[in-house]
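Trainee: The chain contents come next:
Number of protein chains: 2
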Amino acid sequence: MQFQNINEETFIQNILQNFPVKEPILGIGDDCAVIPDAQGNGWLITTDALVEGIHFLKDQISSFDLGYKMMSVNVSDIAAMGGTPKYAFLSIAFPKTINATWTHDLIKGLKEACNKWDILLLGGDTVGSKRDIFINITLIGSAPLPQIKYRNRAQVGDAICVTGFLGNSWAGLKALKEKVPVDDSVSHLLQAHFHPEPHLAQGIWLASQNEVHAMMDVSDGLDRDLKRLLKSSKCGAIVETSKIPLAQALLEVSQHNQWDPLNLAMNGGEDYCLLLTVSLDHLPALQKAFCAQFNTFLYEIGLITDTPERLIYQDCGKEFQLKEENFDHFQ
Amino acid sequence: MQFQNINEETFIQNILQNFPVKEPILGIGDDCAVIPDAQGNGWLITTDALVEGIHFLKDQISSFDLGYKMMSVNVSDIAAMGGTPKYAFLSIAFPKTINATWTHDLIKGLKEACNKWDILLLGGDTVGSKRDIFINITLIGSAPLPQIKYRNRAQVGDAICVTGFLGNSWAGLKALKEKVPVDDSVSHLLQAHFHPEPHLAQGIWLASQNEVHAMMDVSDGLDRDLKRLLKSSKCGAIVETSKIPLAQALLEVSQHNQWDPLNLAMNGGEDYCLLLTVSLDHLPALQKAFCAQFNTFLYEIGLITDTPERLIYQDCGKEFQLKEENFDHFQ
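Chains as they are written, first to last, in the numbering used here: chain A, 30 to 360; chain B, 30 to 360.
It cannot be assumed that every hint is accurate.
For identical chains, the list gives no copy identity; a pair is met inside one copy or between any two copies.
Only pairs whose alpha carbons sit at most 30 Å apart, straight line, appear in this in silico DSBU-like list of lysine-lysine [unchecked claim]: (1) Lys137 <-> Lys260; (2) Lys51 <-> Lys256; (3) Lys87 <-> Lys125; (4) Lys159 <-> Lys87; (5) Lys137 <-> Lys51; (6) Lys51 <-> Lys140; (7) Lys145 <-> Lys317; (8) Lys125 <-> Lys206.
Simulated from the structure, these hints should not be mistaken for laboratory data. Predicted model, so just to flag it, every value in this text is computed and none were measured.
Produce the complete structure using the sequences and hints provided.
Mentor: Below you can see the structure in the form of structure tokens.
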């Protein structure tokens with residue numbers, strides 16, 4: 030895993046060095062690339078690949094859920110910048126052994142997602158594969174340019190917030206891998222893993238609020254994603270771990286199985302909620318309005334500081350060392 | 030191969046049934062989807078996937094050529110409708126065994142293509158893969174809406190033309206698979222296979238000519254692609270096989286190896302030249318102007334007829350039965 034990670038990172042660094050991107054293109058290093066048009070809007074473009082054996086196991090996820098999830102993860106990238114998804118392009122490679130029921134259900138899942146978020150699937154490429162299934166979606170969205178949020182706009186003194194529970198999806202995957210018996214709580218976690226719901230309406234609403242400064246989605250775990258936000262914004266943060274929102278189901282299942290729920294919430298991934306920074310003065314009003322709008326909390330978890338890239342975790346005010354643990358997918 | 034083909038076709042049919050696309054979106058069934066903007070331009074969007082073991086063998090194509098080729102095939106789709114490529118998104122999945130030299134050269138090939146056609150690589154996704162390499166590019170181009178060419182606009186009486194030699198790429202692949210000793214001619218065919226040059230300038234120029242009615246690229250072989258054009262345009266065609274442009278290298282290598290060059294040209298693939306229909310009255314002037322512009326011929330190979338989807342091949346006026354032979358890639 031380590032070598033592969035290095036290799037992927039090296040590849041990305043190599044790409045960035047060789048393909049410098051300049052204005053008018055925006056959103057470099059963000060969840061989407063932003064192409065401004067002449068009318069004051071921006072096209073938001075994102076692309077995500079899922080690979081069998083790495084991101085999913087064919088006998089552990091239904092193709093319906095896979096179809097839904099592959100659209101969800103792209104929608105989350107559009108939501109992360111406050112955009113509205115519009116047009117999707119699907120590339121899929123599958124081997125001869127795939128049967129019609131599997132592809133039929135995949136399309137059903139995809140369709141449910143497209144219908145839900147009013148996305149038009151406009152094209153793609155369907156090809157053979159020797160062994161594994163590969164799926165790639167490119168999703169195009171749009172937003173008024175002034176409302177698009179970026180991850181490099183955090184300001185010193187901002188409150189750091191998240192829009193939902195963390196760690197559920199990863200706990201669901203862990204339950205799956207460790208064959209934990211399925212009760213209501215485990216089922217809740219599995220649902221978070223198999224059928225993630227991107228915070229699209231929340232993203233659009235938050236993007237329309239001036240006091241929201243930086244925004245991105247949490248797809249690779251809070252710890253890793255917050256570090257990316259801090260790096261982009263050239264600032265630091267103090268996070269109070271007791272404020273990290275943990276679902277009752279996560280707490281229960283963790284207790285039964287001697288898991289560390291905080292570790293799952295911080296180092297996990299595939300949460301697909303939003304991470305944002307908000308002017309501290311406006312936080313109470315924004316939290317109240319958010320709660321009225323969505324009937325869920327906007328969780329404040331920390332503060333932006335002026336020490337570039339220094340991320341400090343505190344547990345009730347006392348410095349706390351996070352276990353460096355990278356959950357892998359299926360490797 | 031047969032079962033897989035059916036499966037891929039079935040999948041595409043299933044997608045089309047489930048995701049009907051309507052105006053204002055154009056280009057349905059074309060090489061690109063076309064999204065009109067408010068200023069009279071269209072965004073042209075295409076996506077193409079290449080899979081190891083299906084579209085390429087890692088030990089038979091350099092990663093430089095692979096990088097260049099994967100961009101070329103997408104550029105050809107934009108060229109097919111008369112657009113100018115602008116922005117690319119790359120998704121790549123590779124296993125841990127890939128070394129840095131391989132990815133470095135892939136990026137170099139990609140960069141050569143991007144520099145050549147002035148394309149900005151704006152983003153993508155880099156992920157692991159269990160075994161095979163999977164590469165997907167989504168390419169976005171643009172063109173003035175009235176100039177975009179579609180494959181459903183052929184008119185009865187139009188001349189059918191192609192912009193270059195056919196069969197070279199497939200003959201190159203055949204030479205590779207049959208381990209034909211490499212001389213100058215074989216080398217020429219290998220170059221066509223490994224380093225295809227999409228007819229971008231030709232596409233843009235042809236799109237600006239009103240007398241060009243329908244256009245697409247030849248990526249899956251003339252026979253198969255022409256049938257698609259006829260189906261879209263609800264017409265038929267007579268093609269004079271003696272007029273199919275065959276390169277000297279193809280003729281020579283075919284003679285040495287007892288290959289049927291016409292069969293390679295008609296049933297082959299990956300030619301990446303353009304197939305178009307032109308008002309017969311204007312053909313001579315257009316051919317002259319094309320030749321003056323590009324120093325190559327615009328080859329007339331047949332005529333559009335009024336019998337829907339009836340494709341007749343003639344050899345010097347005598348009906349000719351084309352061998353139904355589908356060249357596969359590496360299966």
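Trainee: Check each numbered hint against the structure and report the violated ones by number, ascending.
Mentor: Those not satisfied: there are none.
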